[in-house]
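Residue numbers (this note's numbering), protein chains in the order written: chain A, 1 to 104; chain X, 1001 to 1444.
Everything labelled a hint here was simulated from the structure, so no lab data went into it. There may be inaccurate statements among the hints.
Using 25 angstroms as the maximum straight-line C-alpha spacing, the simulated SDA-like pairs for lysine to any residue come out as follows [what the hints assert, rightly or not]: (1) A:LYS51 with X:VAL1361; (2) A:LYS91 with X:THR1041; (3) A:LYS91 with X:LYS1101; (4) X:LYS1101 with X:ALA1063; (5) X:LYS1220 with A:PRO101.
Here are some chain X residues the structure puts well away from chain A; computed CB gaps all over 10 angstroms [said to hold, decoys possible]: (6) ALA1226; (7) HIS1367; (8) ALA1410.
To list a few chain X residues with every Cβ distance to chain A over 12 angstroms, as calculated [unchecked claim]: (9) ARG1055; (10) LYS1078; (11) TRP1185.
A quick note: this is a predicted structure, and the numbers were derived from the prediction, not measured. Built from N, CA and C at the ideal position, the CB exists for glycine as well.
Listed below, chain by chain, are the residues.
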Amino acid sequence: MTQRRIHDIAHARAGDKGNTSNVSVWAYDPKDYPLLKQQLTAERIANAFPKLFTGAVTRYEMDGLHGLNFVMLDALEGGVNTSLNLDSHGKSFSYLILGLPIEE
Amino acid sequence: MNTIRLGCGAGFSSDRLGPAVDLAQRGALDYLVFECIGERTMAFGHRDRMLDTNRGYNPQLGARMRGVLAHCHANGTKIVTNMGVANPRAAALLVIDIARKLGLHGLKVACVEGDDVTHLIGPDTAFMDHPGTVADVGLRMVGANVYLGVEALLPALEAGADVVIAGRIADPSLFLSPLVHRFGWKLDDWTALGRGTLAGHLMECGMQITGGYFADPGFKDVPRLADCGFPIAEVAADGSFVITKLDDTGGCVTTATVKEQLLYEVHDPRAYLTPDVVADFSGVSVSEIGHDRVQVTGANGHKRPEQLKVTIGFDGGFLGEGGVSYAGPNAKARAALAAEVVRERLTRINRLGGDLRVDLVGLNALHQTAEQPVGDANDVRLHVALRSTDRDDIDTMLWEVESLLCCGPAGGGGYRGQITPCVVTHSCLIDRSAVAPSFEMFVA
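Chain A with its partners taken away, still in its complex shape (with noise of 0.2 angstroms):
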């Protein structure tokens, strides 16, 4: 069996602000919401891209609505304003967290 990822059980948006990235994580089955939430820790997240997120990474529950919202400081390369990347918001980001296995 293929390893499963989050891109299984979840679906995701990002949105930037400056140098800060947010991307909001939802469960589409609140059966998989608490796998989500023990997978997907703050420290998972900057452990898994230190180079991209350099800064601090907080998250926020939302346990009602089954969504975990991930704040990444310092992780726009710059910010739209100076990043050379082609995806200078950063509007990608939402699938580079989608694409982390999920560990079983």
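Once you've looked at the hints, dock chain X against the given chain A.
Only chain X this time, still in chain A's reference frame:
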């Protein structure tokens, strides 16, 4: 039932026109709101105005107004927008001109000013979220704008404006203003303002709540995405509301589309700051009460912030981007060699300044910094980007990339190069008392 119908006609400066015309024509709206400013759009507006004092407003303002104005007039729909960007007065005069040409005599267009606070910013102005001052940036300032809230728009609405055209208004406040105006909410009724701010926040990005920016085939399918409709909010006097769209448009409104937008560009869900309120989205509930109808309740609010946020724009020089593609056997290795050659030519031989980045599109571009590329690819594009205040540097970079056609690895083709003007923005805070918004009414 006493509800107000708000429509969103644009969620960013280059948003589509057709679905906005559709809403104006068939939406039975009380208000049609166009949200068209981002931090960078604002700075570009200032640059445009410096080049031509009659410019500096949203470049699509004319097309949008020609598309919706007659419908809105016929249907009693009022328009609220920040399409004035850096020049609301010139924008209002353009709308008046269009109204006259359409025969809409008597149409009242209010221009709201006071967001331009360039005069309050000096070399010593300190930034709010990182160390440093305006002088430290070392670039030419083009303008500074404070985020205004409902207080700036209310007088124009109360004076009976059919179109309210402003510059830097906090995005949700564009939608909150008509609610405050029509429901008579007090400006310290933090719960009502928090709820109305949530409605505005959910609506402000247009299709991002009706299925746009959502589709992920096989996981999140969206019907008829190409025909996606803009959203409608049916807001009740207690601030609860339903998000929906026109029946026969493409897209979808589901709890999932609403949730993704709920935290879009939000940090702490308990403290979403606007000039009007500190909104609290932590207790929000969403429920599907019909096809493409999602009810949203449970937002709250707390006392508004004492200080207001200002965005300061600077002229950031130029961004140059050039590319060449490689396909077929060993494409990855040939593209990687091209990247090596370009780096060497630009840094060792041309000794170029500025920030340089080389990506291999198809292998790993957007996530290059985050993770190592995996696997192979049959079609790889070298993409070179350089940012500089010296345009000669950009020209040199593009020349070097183009020269790969004869001087680089085998089989490279499809060179394209472009130069884009850049702006840089930073933020600071100012006291509310330093700001005095005003409006002027023009009649067609």
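Hints, one by one, checked against the model:
no. : hint                     : verdict
1   : A:LYS51 with X:VAL1361   : 19 angstroms, holds
2   : A:LYS91 with X:THR1041   : 18 angstroms, holds
3   : A:LYS91 with X:LYS1101   : 41 angstroms, violated
4   : X:LYS1101 with X:ALA1063 : 13 angstroms, holds
5   : X:LYS1220 with A:PRO101  : 19 angstroms, holds
6   : ALA1226                  : 20 angstroms, holds
7   : HIS1367                  : 6 angstroms, violated
8   : ALA1410                  : 25 angstroms, holds
9   : ARG1055                  : 22 angstroms, holds
10  : LYS1078                  : 29 angstroms, holds
11  : TRP1185                  : 25 angstroms, holds
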